[in-house]
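K.L.:
With numbering that gives the first Met the number 0 applied, the first sequence corresponds to residues 0 to 139, in that order.
Rather than coming from a laboratory, the hints here were simulated on the basis of the structure.
Honestly, I wouldn't trust all of these hints.
[Claimed, not checked] So the derived label-pair ranges between C-beta atoms look like this:
#, residue 1, residue 2, range
1, Gly135, Arg70, 29 to 39 Å
2, Thr74, Val137, 19 to 29 Å
3, Thr77, Thr11, 18 to 28 Å
4, Gly21, Pro104, 33 to 43 Å
5, Ser28, Lys113, 38 to 48 Å
6, Pro26, Ser115, 18 to 28 Å
7, Asp55, Lys93, 11 to 21 Å
Keep in mind the model is a prediction, meaning the values are calculated, not measured.
All residues carry an ideal CB built from backbone N, CA and C; glycine is no exception.
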Amino acid sequence: MAYWLFKTEASTWSWDQQVKKGAKGEPWSGVRNYQAANHMKAMAKGDLGFFYHSGDEKRIVGIVEVIGLYRPDPTDETGKFGLVDVKAVHAVPKPVTLAEIKATPALKDMVLVKNSRLSVQPVTPAEWRCVCKMAGLVSL
DNA sequence: GCCAACGTTGGC
DNA sequence: GCCAACGTTGGC
Numbered sequence: 000m001a002y003w004l005f006k007t008e009a010s011t012w013s014w015d016q017q018v019k020k021g022a023k024g025e026p027w028s029g030v031r032n033y034q035a036a037n038h039m040k041a042m043a044k045g046d047l048g049f050f051y052h053s054g055d056e057k058r059i060v061g062i063v064e065v066i067g068l069y070r071p072d073p074t075d076e077t078g079k080f081g082l083v084d085v086k087a088v089h090a091v092p093k094p095v096t097l098a099e100i101k102a103t104p105a106l107k108d109m110v111l112v113k114n115s116r117l118s119v120q121p122v123t124p125a126e127w128r129c130v131c132k133m134a135g136l137v138s139l
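Kindly generate the complete structure, drawing on both the sequences and the hints.
P.N.:
Listed below in structure tokens is the structure:
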């Protein structure tokens with residue numbers, strides 16, 4: 000089981016929209032960056048990810064699960080990029096802001112801190128546990 | 001609204 | 001294959 004972070008602007012694709020898709024989930028389309036695409040290639044069904052709103056909010060608002068493996072992105076005319084399908088698992092009781100993450104020494108190496116522009120990021124198990132704790136999640 | 005960081009493009 | 005120029009992203 001691996002952990003990830005999916006970054007999106009709430010005005011483009013929000014947590015609320017993701018939740019409305021329910022168990023069917025939604026294709027994570029629109030990624031046009033090889034690093035991000037490679038991370039999606041490495042994903043397995045059942046992997047979990049943080050759902051992060053960039054822009055005004057800058058905070059982790061929910062947990063998603065990978066339910067569909069990497070496949071071509073139909074919205075990419077060049078055919079170079081792919082996507083995975085994700086479904087909302089649940090909202091976090093207490094959203095974790097970028098400021099809190101930056102203020103936490105154990106999270107100083109998170110990709111979100113080091114390379115905030117990468118739209119799909121890997122998260123280490125230690126980081127995952129730490130952020131879950133901050134978010135008020137104990138069962139993950 | 002500005003600017004730094006980064007990725008991509010295109011000319012050589 | 002290198003590198004300058006450009007566009008985009010996202011935090012501040």
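K.L.:
Take the hints in turn and mark each one as holding or not.
P.N.:
To see whether the hints hold, each was checked on the structure:
1. Gly135 <-> Arg70: 29 to 39 Å: Holds, at about 34 Å.
2. Thr74 <-> Val137: 19 to 29 Å: For Val137 against Thr74, whose Cβ atoms are near 38 Å apart, the range 19 to 29 Å is violated.
3. Thr77 <-> Thr11: 18 to 28 Å: Holds - the Cβ-Cβ distance for Thr77 and Thr11, about 20 Å, lies within 18 to 28 Å.
4. Gly21 <-> Pro104: 33 to 43 Å: holds, 38 Å
5. Ser28 <-> Lys113: 38 to 48 Å: violated, 26 Å
6. Pro26 <-> Ser115: 18 to 28 Å: holds, 24 Å
7. Asp55 <-> Lys93: 11 to 21 Å: holds, 18 Å
Violated hints, in rising order: 2 and 5; the structure is consistent with all others.
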